[in-house]
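S.K.: If you're matching them up, the sequences are chains A and B in order.
Quick note on numbering: my numbering labels position 55 of the first sequence as 103, and the sequence is numbered without any gaps.
Quick note on numbering: my numbering labels position 48 of the second sequence as 366, and the sequence is numbered without any gaps.
Treat the hints loosely; a few may be bogus.
What the hints assert, rightly or not - Label-pair ranges, simulated between beta-carbon atoms:
| no. | chain 1 | residue 1 | chain 2 | residue 2 | range |
| --- | --- | --- | --- | --- | --- |
| 1 | B | Asn564 | A | Val115 | 31 to 41 Å |
| 2 | A | Pro62 | B | Leu562 | 29 to 39 Å |
| 3 | B | Arg404 | A | Asp189 | 23 to 33 Å |
| 4 | A | Arg288 | B | Leu491 | 27 to 37 Å |
| 5 | B | Val383 | A | Glu287 | 48 to 58 Å |
| 6 | B | Gln532 | A | Thr108 | 26 to 36 Å |
| 7 | B | Gln367 | A | Leu56 | 53 to 63 Å |
| 8 | A | Ala166 | B | Leu476 | 27 to 37 Å |
| 9 | B | Gln518 | A | Arg71 | 47 to 57 Å |
| 10 | B | Ala376 | A | Ile75 | 30 to 40 Å |
| 11 | B | Ile342 | A | Ala127 | 16 to 26 Å |
Said to hold, decoys possible - Not the full set, but computed from the structure, chain B residues with beta-carbon under 7 Å of chain A:
| no. | residue |
| --- | --- |
| 12 | Thr323 |
| 13 | Asn327 |
| 14 | Phe331 |
| 15 | Thr527 |
| 16 | Val545 |
Think of the hints as simulated: they come from the structure by calculation, not from any bench.
The beta-carbon is built from N, C-alpha and C at its ideal position, and this holds for glycine as well.
As a plain string of letters, each chain reads:
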Amino acid sequence: MRIVLYRLLAVLLPLALLEILCRDRVITPLTLPAPSRILLGLWTMMANGTFNAAILKTLTNVSLAFVLSVAAGIAAGAAIHRAPLLRALLEPLFSTYYAIPIYAFYPLFIVVFGLGDAPQVLIGFMLAVVSMIVSTLAGLDSVPAVLGKTARVLQLSPVETIRSVTLPYAAPYLFTGVKLAVAYAFIGVIGAEFIMSGTGLGYEIRFAYDNLDNGVMYPLILLILLVAVAVNMSLDHWERALRARRGRG
Amino acid sequence: MIRRTIYANPSLFLVIVLLALWQIVFWLVGRNALLPPLETILYLARLLQTARFWGHIAETGTAFVIALVISVVAGLAIGLALGVNRLAAEVFEPFLLAGNSVPKIALYPIVLLIFGIGMPAKIAFGAIHGVVPVAIFTLTACSNVPPILFRAAAAMRLTRWDMIRSVLLPAALPDIFSGIRIGFSLTLIGTILGEMFGSQRGLGYLLMTAIGLQNIEVIMSVTLLLVLVAATVNTLLLAQDRRLRNPGG
Chain A
49 MRIVLYRLLA VLLPLALLEI LCRDRVITPL TLPAPSRILL GLWTMMANGT FNAAILKTLT
109 NVSLAFVLSV AAGIAAGAAI HRAPLLRALL EPLFSTYYAI PIYAFYPLFI VVFGLGDAPQ
169 VLIGFMLAVV SMIVSTLAGL DSVPAVLGKT ARVLQLSPVE TIRSVTLPYA APYLFTGVKL
229 AVAYAFIGVI GAEFIMSGTG LGYEIRFAYD NLDNGVMYPL ILLILLVAVA VNMSLDHWER
289 ALRARRGRG
Chain B
319 MIRRTIYANP SLFLVIVLLA LWQIVFWLVG RNALLPPLET ILYLARLLQT ARFWGHIAET
379 GTAFVIALVI SVVAGLAIGL ALGVNRLAAE VFEPFLLAGN SVPKIALYPI VLLIFGIGMP
439 AKIAFGAIHG VVPVAIFTLT ACSNVPPILF RAAAAMRLTR WDMIRSVLLP AALPDIFSGI
499 RIGFSLTLIG TILGEMFGSQ RGLGYLLMTA IGLQNIEVIM SVTLLLVLVA ATVNTLLLAQ
559 DRRLRNPGG
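Hey, can you work out the whole structure from these sequences and the hints?
M.R.: Rendered as structure tokens:
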């Protein structure tokens, strides 16, 4: 309880300080409007539905990239787990993958796929899928070999084996992968919208920035941060609930 | 026979496979989207003979090194400060994790409004990408140190600073190093992204102008250079990481 109070204070005190600094014009609205103004702006924006199309676009693309990367990541992880040679070959790629600036490939995707949604979804997918593959591999590694043998002795079907042996062991790792995949899908899609695109939240923020329209820019940035944090927190919550249930059962 | 050679040099074979894939994709999509591997390497070699290109490299390099120093110092400071204080860790850890899941690219207009276009903005953008993973890994490293070491330090009446220097840091070093390795990759990506949006110089700026002009040669060779540098340094850091984890092995 005390912790929650401290956390609230850790959010509210800096915000209050910012509010005062902004109202006293120590920080001019050209740099940062007062936090209350930003919140109010976000409220009006959502009430009027000014950016609903952009929000819908971005969220659709993020969800697409996320779902595709989780499905493909688990499938590829399971396949690579069964092929040690392929795994030995790919392991160095996985360990350096996130050092590669994926955005640099974006222009190539645009040339190949055109200026539609595909290049953005692909960037989000490419960022997210590798963390899902790596987490799946780690999850499958964590299943003790003896349990695989037990399943064979009991003549469990592959589906039963996955449901009652593989998944319970791999679940925590898969969860980590899913959480990373959400974050990377967001980063990839919004980043791609920033660089070159005519729709979506990233584009709208860039447009507002180019026009020095802080009244639009800051509420939109706040919206992105709020959505990303909210999704992450609900996944966290779900994971903890699952773990607690398993602990009791 | 081939199997054994692949197991012995996975990275080498990976490079060969990737080069072959690159060539095949080039044959599929054609010259207006991609440059074949050999031509890209030759073009990069030609770029590397011009003084202007080295000016861009120096600019990016300077920004990156400063950003990395800030990421590591600030990340270590935050991680250690929370690591030695349980209450602070509990209060602030969710903020760190949320900071990790947020698409930091959405913050670039704010960074530009605060720092203006140029070197400080790039450094700030690189540093906000790098500091969070270093802090998180440092904090985790601290909480993984066996409590008995702290009790021993207390029994020997070490001052807090001596305790950090001669107990905490050595015990947590392997995990901290992993954090720095990931911080390195993210800081590089952050710096490049910062240059793409808020700069008139550097490799990111070069990449962004080339994207605008559809200059495939420049896009491909700058990307190749970045991938080469990132992959090389990451491989070296990874080797050091493994050495720290199993000394003697």
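S.K.: Now look at each hint and say whether the structure bears it out.
M.R.: Tested hints:
{"no.": "1", "hint": "Asn564/B x Val115/A: 31 to 41 Å", "verdict": "holds (39 Å)"}
{"no.": "2", "hint": "Pro62/A x Leu562/B: 29 to 39 Å", "verdict": "holds (36 Å)"}
{"no.": "3", "hint": "Arg404/B x Asp189/A: 23 to 33 Å", "verdict": "holds (32 Å)"}
{"no.": "4", "hint": "Arg288/A x Leu491/B: 27 to 37 Å", "verdict": "holds (30 Å)"}
{"no.": "5", "hint": "Val383/B x Glu287/A: 48 to 58 Å", "verdict": "violated (38 Å)"}
{"no.": "6", "hint": "Gln532/B x Thr108/A: 26 to 36 Å", "verdict": "holds (27 Å)"}
{"no.": "7", "hint": "Gln367/B x Leu56/A: 53 to 63 Å", "verdict": "holds (59 Å)"}
{"no.": "8", "hint": "Ala166/A x Leu476/B: 27 to 37 Å", "verdict": "violated (59 Å)"}
{"no.": "9", "hint": "Gln518/B x Arg71/A: 47 to 57 Å", "verdict": "violated (35 Å)"}
{"no.": "10", "hint": "Ala376/B x Ile75/A: 30 to 40 Å", "verdict": "holds (34 Å)"}
{"no.": "11", "hint": "Ile342/B x Ala127/A: 16 to 26 Å", "verdict": "holds (21 Å)"}
{"no.": "12", "hint": "Thr323", "verdict": "violated (11 Å)"}
{"no.": "13", "hint": "Asn327", "verdict": "violated (10 Å)"}
{"no.": "14", "hint": "Phe331", "verdict": "holds (6 Å)"}
{"no.": "15", "hint": "Thr527", "verdict": "violated (11 Å)"}
{"no.": "16", "hint": "Val545", "verdict": "holds (5 Å)"}
Violation of the numbered hints given earlier is confined to hints 5, 8, 9, 12, 13, 15; the remaining hints are satisfied by the structure.
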